[in-house]
Amino acid sequence: MVLQSLLKNCLQLSCTLRTPKAGFRSTTSGGLIIQSTSNDVYQNLAVEDWILDHMNLENRQVLFLWRNSPAVVIGRHQNPWQECNLRLLRQKNIKLARRRSGGGTVYHDLGNINLTFFTTRKKYERMENLKLVVKALKALRPQLDVHVTDRYDILLDRQYKISGTAAKLGRTTAYHHCTLLCNADKFVLSSVLKSPYKGLKSNATPSVPASVKNLFEEDPSLTCEMLLDAIAEEYATQHQIDHHITLINPADETVLPGINNKTKELQTWEWVYGKTPKFSVSTCFNMVYKDSFLDVKVDMDIKHGRIEVCNIDLPEQWLPPALCSELVKSLTGSKFCPNETTTLVTTLLRVCPQDNELHSRWNLLCENMIMLM
Amino acid sequence: LLARKFTDKHEWISVENGIGTVGISNFAQEALGDVVYCSLPEIGTKLSKHDEFGALESVKAASELYSPLSGEVTEINAALADNPGLVNKSCYQDGWLIKMTVENPAELDELMNEDAYEKYIKSIEE
Chain A
2 MVLQSLLKNC LQLSCTLRTP KAGFRSTTSG GLIIQSTSND VYQNLAVEDW ILDHMNLENR
62 QVLFLWRNSP AVVIGRHQNP WQECNLRLLR QKNIKLARRR SGGGTVYHDL GNINLTFFTT
122 RKKYERMENL KLVVKALKAL RPQLDVHVTD RYDILLDRQY KISGTAAKLG RTTAYHHCTL
182 LCNADKFVLS SVLKSPYKGL KSNATPSVPA SVKNLFEEDP SLTCEMLLDA IAEEYATQHQ
242 IDHHITLINP ADETVLPGIN NKTKELQTWE WVYGKTPKFS VSTCFNMVYK DSFLDVKVDM
302 DIKHGRIEVC NIDLPEQWLP PALCSELVKS LTGSKFCPNE TTTLVTTLLR VCPQDNELHS
362 RWNLLCENMI MLM
Chain B
57 LLARKFTDKH EWISVENGIG TVGISNFAQE ALGDVVYCSL PEIGTKLSKH DEFGALESVK
117 AASELYSPLS GEVTEINAAL ADNPGLVNKS CYQDGWLIKM TVENPAELDE LMNEDAYEKY
177 IKSIEE
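Going down the list, the sequences are from chains A and B.
Residue numbers for the first sequence follow the numbering used here, so the first one is 2 and each next one is one higher.
Residue numbers for the second sequence follow the numbering used here, so the first one is 57 and each next one is one higher.
No wet-lab data here; the hints were simulated from the structure.
None of the values given here were measured: they were computed from a predicted structure.
Glycine included, every Cβ here is placed at the ideal spot set by N, Cα and C.
Among these hints, one or two may not hold up.
Claimed, not checked - 30 Å max Cα-Cα, derived DSSO-like pairs, lysine-lysine:
| id | chain 1 | residue 1 | chain 2 | residue 2 |
| --- | --- | --- | --- | --- |
| 1 | A | Lys123 | B | Lys105 |
| 2 | B | Lys102 | A | Lys124 |
| 3 | A | Lys265 | B | Lys102 |
| 4 | A | Lys279 | B | Lys65 |
| 5 | A | Lys263 | B | Lys65 |
| 6 | B | Lys105 | A | Lys265 |
| 7 | A | Lys162 | A | Lys93 |
As the list claims (entries may be wrong) - Residues of chain B placed beyond 12 Å of chain A at every Cβ, according to the derived structure:
| id | residue |
| --- | --- |
| 8 | Lys65 |
| 9 | Ser104 |
| 10 | Glu181 |
Sequences are here, hints too, so could you generate the full structure?
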């Protein structure tokens with residue numbers, strides 16, 4: 002049951018909840034269930050950071066419920082080029098976010114629910130949390146065959162992954178968050194989570210692909226709201242608190258002072274792309290120009306999302322050598338980014354003679370280079 | 057070689073010839089689980105005491121690393137790129153994380169020695 006929080010002032014999240022009298026005997030009593038009013042992945046991830054940094058969880062634990070409009074979320078130390086189809090993301094206007102917890106890449110849309118369990122570092126316990134979720138699902142639909150694996154996935158029918166888990170340990174607090182597939186778009190999911198980029202070499206943490214299924218496919222009467230409610234109910238029971246969900250607005254500085262800076266940081270290119278562990282691209286592509294087939298070999302080292310070293314192997318004299326070396330020089334140090342590269346190559350072309358042949362060759366090469374990003 | 061000193065965030069530092077070697081304690085590596093990725097700063101990065109200087113990702117969680125002292129990063133352990141497990145296998149030797157200058161030696165006095173750290177762990181484990 003969701004109650005609208007009309008009194009902003011009653012929610013001073015940085016205050017410690019007074020331990021209820023009955024709670025002295027129980028170590029897990031004292032809790033708070035909050036739900037985000039936003040579907041913006043960056044705002045919601047910022048709330049997690051805020052709680053981790055600002056809340057005292059000694060006497061209570063927090064469950065945060067959230068959903069996002071379409072977004073791909075990569076783990077802290079992952080490589081987005083390796084994990085997803087960035088071109089497709091841009092085309093479909095799907096956001097890319099890098100979270101602060103570890104783990105692999107997931108696709109979020111409104112058919113997926115996210116749960117974050119906040120505790121002290123000491124009380125951090127993923128298995129317990131996931132068992133709570135399974136218990137809630139079974140209470141809702143006893144016939145569901147759901148269980149937790151030792152990889153902290155939740156499987157449906159022993160086969161299909163319906164939930165993945167990741168976690169972050171802070172100074173004194175910790176969070177464990179997981180997804181839960183209710184009615185997400187599996188078609189979009191599988192197409193965006195397939196990387197088209199070849200020749201990448203990286204020691205970034207890889208994802209472990211899995212077959213997924215929506216709970217809705219198993220039981221069409223299920224909705225996200227029902228799942229959220231059932232999980233909140235179980236959490237409330239186990240923490241001996243009221244089944245009351247407090248809504249929070251992740252843009253509200255009065256309730257979450259400093260939150261907008263956190264949101265901004267999560268959206269920066271430096272965080273999303275720049276935090277990618279150093280990697281190399283070693284690939285070749287074929288170009289068809291008039292009646293000839295050309296092989297181009299490209300080798301690049303990318304650090305902090307920028308091209309550190311660049312080598313382009315073209316058939317001799319296909320383009321003026323001076324122009325080629327200008328291209329390599331300009332690319333070196335610039336972002337491994339299609340927009341930045343487009344600007345760069347357009348600028349370089351302006352200083353070239355108005356030669357249609359040259360322009361079309363140049364454009365062909367640059368289009369192919371940009372495809373790598 | 058000054059004896060190893062510890063922070064309450066379970067990092068250790070040991071100073072030799074003005075350069076401090078930093079790592080995480082055995083308690084920390086055990087709690088963390090198998091390390092799969094080490095995110096370390098660039099050489100030349102200036103750190104203040106308590107600054108976040110990197111992160112470790114393990115099968116359990118991602119966990120930030122906090123600088124025990126103020127100083128400048130002089131070296132990072134390149135072996136960890138291909139072998140992050142060294143942090144678990146040899147947290148006090150081969151699994152060191154960074155080396156840094158010691159800008160303010162007085163800060164060392166604020167850290168715990170080995171005995172104090174052992175007592176500290178016992179108290180939080182209760």
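Evaluated hints:
| no. | hint | result |
| --- | --- | --- |
| 1 | A:Lys123 <-> B:Lys105 | holds, 24 Å |
| 2 | B:Lys102 <-> A:Lys124 | violated, 34 Å |
| 3 | A:Lys265 <-> B:Lys102 | holds, 24 Å |
| 4 | A:Lys279 <-> B:Lys65 | holds, 28 Å |
| 5 | A:Lys263 <-> B:Lys65 | holds, 23 Å |
| 6 | B:Lys105 <-> A:Lys265 | holds, 26 Å |
| 7 | A:Lys162 <-> A:Lys93 | holds, 25 Å |
| 8 | Lys65 | violated, 7 Å |
| 9 | Ser104 | holds, 16 Å |
| 10 | Glu181 | violated, 9 Å |
Checked against the numbered hints given earlier, the structure breaks hints 2, 8, 10 and satisfies all the rest.
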